[in-house]
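Residue numbers (our numbering), protein chains in the order written: chain A, 1 to 577; chain B, 1 to 690.
Simulated from the structure, these hints should not be mistaken for lab results.
Where a beta carbon is used, it is the ideal one built from N, C-alpha and C, also for glycine.
Any given hint could turn out to be false.
[Unchecked claim] Derived CB-CB ranges, DEER-like:
(1) B:177 <-> A:559: 50 to 56 angstroms
(2) A:470 <-> B:356: 38 to 44 angstroms
(3) A:486 <-> B:502: 15 to 21 angstroms
(4) A:503 <-> B:496: 47 to 53 angstroms
(5) A:488 <-> B:33: 47 to 53 angstroms
(6) A:570 <-> B:69: 25 to 31 angstroms
(7) B:528 <-> A:203: 56 to 62 angstroms
(8) A:394 <-> B:420: 24 to 30 angstroms
(9) B:163 <-> A:561: 43 to 49 angstroms
(10) A:371 <-> B:126: 45 to 51 angstroms
[What the hints assert, rightly or not] The calculated EDC-like cross-link candidates involving lysine to aspartate or glutamate, where the alpha carbons are at most 20 angstroms apart (straight line), are:
(11) A:348 <-> A:448
(12) B:45 <-> B:34
(13) B:429 <-> A:448
(14) B:394 <-> B:379
(15) A:26 <-> B:622
(16) A:26 <-> B:578
(17) B:663 <-> B:597
(18) B:81 <-> A:230
(19) A:26 <-> B:569
(20) B:308 <-> B:597
(21) A:494 <-> A:553
(22) A:167 <-> B:597
(23) B:81 <-> A:465
[As the list claims (entries may be wrong)] Counterexamples of contact, computed for chain A against chain B with all Cβ distances above 10 angstroms:
(24) 8
(25) 13
(26) 29
(27) 70
(28) 76
(29) 81
(30) 131
(31) 181
(32) 184
(33) 299
(34) 428
(35) 470
(36) 525
(37) 528
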Amino acid sequence: MADPITTEVIRYELISAAEQLKRCFKRTTTLAILYELNDFGISIYDHELRLIADVPGIPLFSGTLNYCVKSCIDQVGLSNLAPGDVLTTSVPFDTGSQPIDAALVAPVFFENEIVAYTALKAHMGDLGAIDPYPTTSTEMYQEGLLMPALYLFRKGELQEQILRLIKAHSRIPNTTATNFLAAASSLQVGGHRVETLVGRYGRETFRSAIQEMISHGERISRAAVMAIPDGTWDIVDWMDNNGVDPEPVNLHASVTVRGSDFTIDLSGSAPQQRGPINSPFPGTMSACRYVLKSLTTPLLPANEGHFRPLRVIAPYGSIFNPAPPAACFLYAWPEQRLMDLIPMALAKAIPQRVTAHSGGDCCDFLMTYFDHETGRGDYGGGVEAVGLGASPSRDGENALLHHCESGCCNIPNEIEETRVPLLVERYELREDSGGAGKFRGGLGVVKEYHALESTTAISIAERTEASIITGIDGGKAGMLNEITYFPGTPRELKRGKHKAELHAGDRVLIRSGGGAGWGNPLDRDPHAVLADVIAGYVSRSIAGNEYGVVLCEVGNELRVDGERTAALRAILSTKRP
Amino acid sequence: MRFAVDVGGTFTDLISWDLRSGEIRCNKTLTKVEPSQGVLDVIRKEKLDLREVHLFVHGTTLGINAILEKKGARTGLITTKGFRDVIEIARMDRPDMYDILYRKPPALVPRRLRMEVDERIDARGNVLRALDREAVLTAISHFRQHRVQAVAICLLHSYANPSHEEQIGAIFAKEAPELYVTLSHRILREYSEYERTMSAVMNSYIQPKVQDYLGHLQTNLRQEGFSQRFLLLRSSGGAMSFTDARERPIFTLMSGPAGGVLGASRLAAATGMQNLITADGGGTSFDVSLIVNGQPRVVSETTIEGYKLMLPIMDIRSIGAGGGSIASVDAGGALQVGPESAGGNPGPVCYARGGQQPTVTDAALCMGLLDPEFFLGGEMRLDRHAASAAITSKIAAPLGLDYRRASSGILAIVETKMAGAIREITVEKGFDPRDFALLAFGGSGPFFACNLAHKCEIRKVVIPVAPANFSAMGMLLSDLVHHYSRTVIIDLENSTASRIDSIFYELESLGQNALEADRIPPEKREFHRSLDMRYLGQGGHSITVPLAPGTLTEDQRRTLEASFHRMHESTYGHRTEEPVQIVHFRLQAVGRVEKPDFRPIPSGGENASQAIKQQRDVFWREFDRVVPFPTYERAKLLAGNSLTGPAIVEERTATTVLGPGDKLAVGPYGDLIIEIAQSSGGVRNGSSTN
């Protein structure tokens, strides 16, 4: 039996092993989206594939890694795993991701027995899809090299043929191969820490500590679900399109809480789509796991126990559980939408734990700088911050990454400009983008890119037109995502999902969405509106039109005109339902 | 004669070292509202003749306190056009991956005090657009109109070409000499605009307060005849000159705590105890840090109050808990302790200086753990009656307890917080506290040490000589250090030794000038060069390669690549064929300063009875009643003496409490080495079972 102190030491030592694995990977990868932005997920599992540690990165990746480990074991057989093995897998229906978000899995042995698995999934570079980041694929065969549980290392020996296969399929072979090697080394560094830990405390103590960690995790998670009132809550919204056909795509989540069980039913959502916005089931599961944990045990280090109350229903052949060979490259976008919609559905049940809708997704814009000669390359651009939704007692936060990438950072402009030939011309908050409300939604950002050389640019932003979501209790929606190619020229074009060839001098303007408001904007403290106008978060016209606040200049100072504000608010309130 | 003064939240501590006699003396006084007054008071109290002093090392928490209390200067910011929101957008991340309610810390410069100027420099340092000087003048009048005191200037890529920042600095010097100005490249010559902006803004935010204080202090010291060298301790453990600290106070943020950790690393070297948890307990804060294999942990990035900064700093975890922590009963009927502190003014109720709110010190006094007649060696009499009255009315009555049980509850809560900080830097970082000894110092560190060790399963506690002045002692043990770095990305293959050398020469000439200004003779100067390197494509850097001192030869340059491959493989497990690049150049310029040694004390046998002072009644939670504790006078203990708890060891400025079964032995340098009794499942005083 593990005493309580030993259990805690083992818990945090596992997290520390995962952290070390992460540091090792960040230091050795060769893409800015990996070492600055953290476009990866890392987890450690016990011998029964139960989560025992993860680290901040992309939560949508972390939540799928158990499926990645399981598919590797299923395909090669448990008896064919040996110390020094590292397997890689990139089939979307096994990993819950696009092929270039490949997973690597390594068993950890102690005295000839598997005691744990280390697993990592990351955007490795390029594995040869029809485009560097396809938005119009209709089958998984167009989305890059499919590797079904192949040995990258066998008993410590690098399998050169796999590396050759990867390089042969890649637009940036050297960069991509380096990242696979960095991932494999990092898994072994993390695995070694786990092995040392087991050696130090003994296998039995290790297992009993894990058992206690997980039981405790389940107890605390179930207690938190118990505290949510029983009931069923529904929410519906639309995605812009599936990337290929023009029609909006329906999303419908129904959340049921009964006692300590938490069920998410996605049966009402659209069927499997022709374009690449299908979310393979492991990915759907991962989004739902995130939602449950963020509502129940957000600040505790994650383990399998926290997810035990969760059940997810997604019919086979639907957008949230597609059948092969559905195209899945943009799998993350419907999942991102779930991560906003499900908490918002629970606004009446647990207002203190949720927020109104955020800007909506990670507003992705990439410029590819791939060099065929050298086999190296990097991406310019990346994911962008959005405004977060308001809560019942405070304004939404300005400019944070959507929680689908909550463990990620932006890439400093100064670093980006040393690596790729572009200039960032401005990077600022987007005025008026936060949805009006008694508590205002947070602001999105404006970023303008200036290409200095020819490049292929690709944007993947959802929530640019079809969304019908507003705020809560009378709060308004925030501004939608807006991506403008060649702004201010005759070629000006606004698109969410798009690919374009840029040449030196071309510009692209990214304006990310704002969060939704909470409560009637006419109930907002006029002095809070004044402060927003002084700071430039809200324009004077919106202050009048949406908030009914009239401001006047007294000397050099702006003040609230109390009488005219009261009068305007009286008029506006009769016009609004 | 040398001396050091550490100004803490509650006490101002002095330590002096007479180089001729080797004598080391300590003193302390309460920290004053005007902190420089406390420094002068303690100097007068010690009767130091400042005309005899050759070196004064100082540590202050003024800067960090301004940040913690958000009481810095009204600060303005100038950025490249289009980038004023960088400090608010920040890095867009959150510390906890599953926290959908996360809030960023507030931007230290409100949006209307962020001004933009048109100009642009690229990543290679080329000027794309010249500086719009008119915009600078507009900014100046805007700042004046809004009564801004200090301005930070951070332009894109100024690490590569600082000329525009320098031009703006010159305009400010001419047009607005009354404003404090920080140019970001003077704080940091590395890329990452958020961190550089934040580091510059933070410098501006604390500069008026710190500069005012230092100027005031220097004037007063001069009046008392002091004319020699005045140094401040850096957060990284080295010292910096007075002039330098006025310009860049950001580097002194953690100067007090760094002194303690520096002292701890020297003690580790002297005693052979390689792994230490340092616990620096004062009146206001409790700072913990690790010494692993004899080395303190210095990092180049840190997060303070949620703000990411890039500067060399000791890895220290600090929480608001100490003898001055205020106890209260909240609206829900729960007992709260801290983080608010009564500080040294008015201080705890028992100081009888007007304090009305009961504190941890009052609780300790009520339980009999402190001697009211021997506080500061009897210099200050503590009012036990006032303390128990305050605890009775404000804590015990609302909770329905008697005052002693209420007092013991106050200690239990503050100790739980302290133990949490220790777990954060050990257990939560994967270090087993059972592999470490707890080195406790500061005025209140020794008081809590044995209970904390018991709670965290640490088996050994060490209390150094003069624990309350240990941080100040650490300051006397510091060398003068200047850190220089520069982001210059160079392909190793296409470089030459002379190109690499020329950049180091540039940094070294800065270092030579600085050490010259510090009046360090050439033979006492050392320069440590290192390179942050990576494979092409990797991030900031993957490996830091130390270089031999002196001119780099072509042969050495060629071996650099091999060293990099080797270190990469041993650190990460693989190497690649990719080209190798240099990213950052780093130089540490060190001016060696003569330091005092730890000195052995007279030794005696095991029997410690010569040091027994009295018996005192103590309320001990484990027994839930009053029991007699023998008390010992530390000054009379001899090396080799031993004793077993329950016991209290008293000295002028600290009290060490041993629980039942804890075994103390006096070490050769006079340090108290305590083996903690293994848990019998019982509850110790002030600790609750968990």
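Identify every previously stated hint that the structure contradicts and give their numbers, smallest first.
-> 1, 2, 3, 4, 5, 6, 7, 10, 11, 13, 14, 15, 17, 18, 20, 21, 22, 23, 24, 25, 26, 31, 32, 33, 34
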